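Going line by line, the protein sequences match chains A and W. Number 326 in the working numbering belongs to position 326 of the first sequence; there are no gaps in the numbering. Offset between the second sequence (1-based) and the working numbering: plus 815.
It should be emphasised that the hints constitute simulated quantities derived from the structure, not laboratory data. Given the structure is predicted, the values throughout are model-derived calculations rather than measurements. Glycine included, each C-beta is placed from N, C-alpha and C at the ideal position. Don't take each hint at face value.
[As the list claims (entries may be wrong)] Simulated DEER-style distance windows between Cβ atoms:
1) A:678 x W:849: 51 to 59 Å
2) A:512 x W:842: 56 to 64 Å
3) W:839 x A:721: 40 to 48 Å
4) W:844 x A:276: 40 to 48 Å
5) A:494 x W:821: 31 to 39 Å
6) A:217 x W:842: 32 to 40 Å
7) W:849 x A:788: 54 to 62 Å
8) A:348 x W:844: 45 to 53 Å
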Amino acid sequence: MPDGAAMTAAPALQSCFHCGQDVPPGSRWSVAIDGAQHAMCCPGCEAVAKAIVDLGQADYYRNRSAYAARADAEAPLPSQLALYNDDPRFAGGGEESEAILLVEGIRCAACVWLIERRLMQLDGVVSASMNVSTERLALRWHKDRIQLSAILQALRQIGYTAFPYDAVRHTEQLRKASRTLGRQLFVAGLSMMQVMMYVAPEYLAEDGTLDASMTGLMRWASLLLTLPAIVYSAQPFLRGAWASLRARTLGMDVPVALGIVAAFAGSIAATWRGRGEVYFDSVTMFIFLLLASRYLEMAARRKAATALERLQHALPASATLLSAWPAPGEGRVVPAASLARGDVIMVKPGETVAADGVIVEGRTALDFSLLTGESAPQTKSCGDEVPGGAVNASAMVLVRVERSAAESTLSGLLKLAERAGSAKPAIAQWADRSASWFVAGLLLFALASFGFWWWQDAARAWPVAIAVLVVSCPCALSLATPSALAAATDRLLGKGVLIVRPHVLETLHRATHIVFDKTGTLTTGQLAVQRADTFSAADGAQCVAIAAALEAGSAHPIARAIAAHAAQTGAPRLAATGLREVPGQGLEGQVGGTAYRIGNASHVAGIAGCLPPWRSAPDAGMSTVFLGMQGKWLACFTLSDTIREDARATLDYFASQGKHLVLLSGDREELVQRMARELKIERAEGGCLPSEKLELVQELQSRGAVVAMVGDGINDAAVLSAADVSFAMGSGSALAQVSADTVLLNGRIGAIADAARTASRTMRVIRQNLAWAVAYNIVAIPAAACGWLNPWLSGIGMAASSAVVVLNALRLRGK
Amino acid sequence: MEALYLLVPLSVLLVFGAIWLFFNASDTGQFDDLVGPALRVLQDDDRSGEF
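Construct all of the structure, not just a fragment, from the sequences and the given hints.
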């Protein structure tokens, strides 16, 4: 037998069966391979091994001649990094892999820029985009050309640590970061206050009243007190600058660090020699103010991150739990997080499987595109495993949960949430690119002004150069867009609008045509009883009760509408026996010993005889259901789809904004036209196939329209991806949500109007921010170069300009 | 004025002392929750105040 067999037996207790590393004591990770439990060292290995076994590749363990892949000998990697290489969470479809990583040590927009820049230099990285507000890095790479561990290693070299997203670690990291920043702020503040005390006599004293030895004493004391601020509080800037220099880029920390170091070094020299200017007060104040504005920014970021966090816990939505299975019983909707091993859940077509499990009843096609990138649905039947996150594409199945939702490989919606905001709209990219040029230009400019003043008036060269370095604020430029977008995204999330792609706010603001789907979008997609008419002498409440009793066992939309109507009107509860369903016709059964039929006219005529006593022809779009007994017509129920409550207000809002409204529906033409008239929609097309909807949208686009599409349902997926910006109803199918740019989580159509309002306000704030940042720099830098600003005034200006940008963005959150 | 030669170094020491105290307090988690303890004082039920 090959080596694998030997490994199966002995060392399983001490070393990980998958990678061979030591299993920590008390580990509970294990995988059943060939009928035996094998211990694993970590959830990563467990997931990999489980995936291997699940794929029917358990032979791998029998045939392998060594433990699973480790880093090669020449470039030893921290073992934990190497583990991620095989992590199935990151195995994308095709050649490209995709991952969301949590990055530790993000300080401000400068870091984002640095990280993206560094990673894009690596061969094989397709895209890297960092979200400042959530500290997450969305990464795509060619798995043949680069390993994830190499990417993580590169990040580590420039001073950042990245992990696959882990909620516990994230919370811990946030706590640690805010504690550190708080301490640095405190130290800087304390030394700033004290240094100012020592400087005050020098500023206030008239010439000649302060003797040289006293001045010397004060200066040495200031020097001592500035040390903690430089050594401890200024760390973020010095480290950031160092990291960006090592990565051979010019980060935004570079001028800041240069300013601090130059001012401090100049002051030390002056103190030592006992003559010349000292800037200890400016240095400490600059550090304090800069830290304060970062503290503000971090608080804002953290708020945005908590909203996403909350959402994540709520997102794997819910599952329909059949608690009594295999006995028949009502399904109960429970939060997916509460599912435990062994629960049986019902997965309807279009729904996402809430947790990993095994099919126990039914046969269906499942769409794994979200998990694997494989687009063709795969047929699964009884006994097959299904991963959480797969989308049920054809028929209802019952699934026995194998792992609780918290442990499941992936939930599709979670991924959506993580992708939210991880890429940048064009306007933010522009700001980032210009910020890098800005830094380079600034350094040259500072050098030039130093040279000019050296030649002109050597004594002023240092203060001017320091002022130029300190006064400029590339951060304001770089923060302008992300801070506004983070605040807007966060606010919309609070209103139930999950923005998945970055361009949404920008494009929605520009949209000229808003296209709506009808069923499930403008309407609730559920039938409701509009009228219940009784014939001749029948008792209304009794008829409703009988109808409800007959329909009780059926899952048909009409049956649910009648049951809801009965509950609403408080009709007495009755029980039916001997129920028989005639497909496409209706039901028959006995209530209280009398036979009844419910269904369409011809079905009921079979028992009631002759023709139904028509009251009037039913309106277009209304369905009618008759109830009858032996020789007698009893009642007629008129049902129709209900328009969402906030549909009218939403449409009115868009109309008032001068947007063109279009209604596209697969429903009957007359029904669609009637609704368009009712809702004052200018253009409506009924009877559209998905392909026709797509053509219509593309035709609009070819005439220069910017189309926003609102829809639900599997059949809308294509048109949702074709539209410039798209919204999917949260109650719709997961497939539609994946194709959409935005998910309306609470299923309120009015949320789109909220999104549109927020979009236009966000664009306004971004423009204000950029204008402010540009204007500030244009005014402040030349002023500093002319020697009109001294270093401490520059420090205030720089910190204030960052704060203005962040505070302006935070306005979006309120109201 | 000679007193300053004593007082200035003393004030420097005082600041370093304050920093040391602050770090100790921060290490024991006193600044982790700045809202909760203030509310807990107001709770009538002393038992729930322990956690």
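Each hint, compared with the structure:
1. Distance hint check for residue 678 of chain A and residue 849 of chain W: the Cβ-Cβ separation is about 55 Å, which falls inside the suggested range of 51 to 59 Å.
2. The given range of 56 to 64 Å is respected by residue 512 of chain A and residue 842 of chain W, whose C-beta atoms sit roughly 59 Å from each other.
3. Roughly 57 Å separates the CB atoms of residue 839 of chain W and residue 721 of chain A, a value that falls outside the hinted 40 to 48 Å.
4. About 45 Å separates the C-beta atoms of residue 844 of chain W and residue 276 of chain A, a value consistent with the hinted range of 40 to 48 Å.
5. At about 58 Å, the beta-carbon gap between residue 494 of chain A and residue 821 of chain W misses the expected band of 31 to 39 Å.
6. Between residue 217 of chain A and residue 842 of chain W, the C-beta spacing of about 33 Å keeps the proposed range 32 to 40 Å intact.
7. The hinted range of 54 to 62 Å is not satisfied by residue 849 of chain W and residue 788 of chain A, whose Cβ atoms lie roughly 41 Å apart.
8. Between residue 348 of chain A and residue 844 of chain W the beta carbon distance is about 48 Å. The supplied range of 45 to 53 Å therefore holds.
In terms of the numbered hints stated before, the structure departs from hints 3, 5 and 7, listed from lowest to highest.
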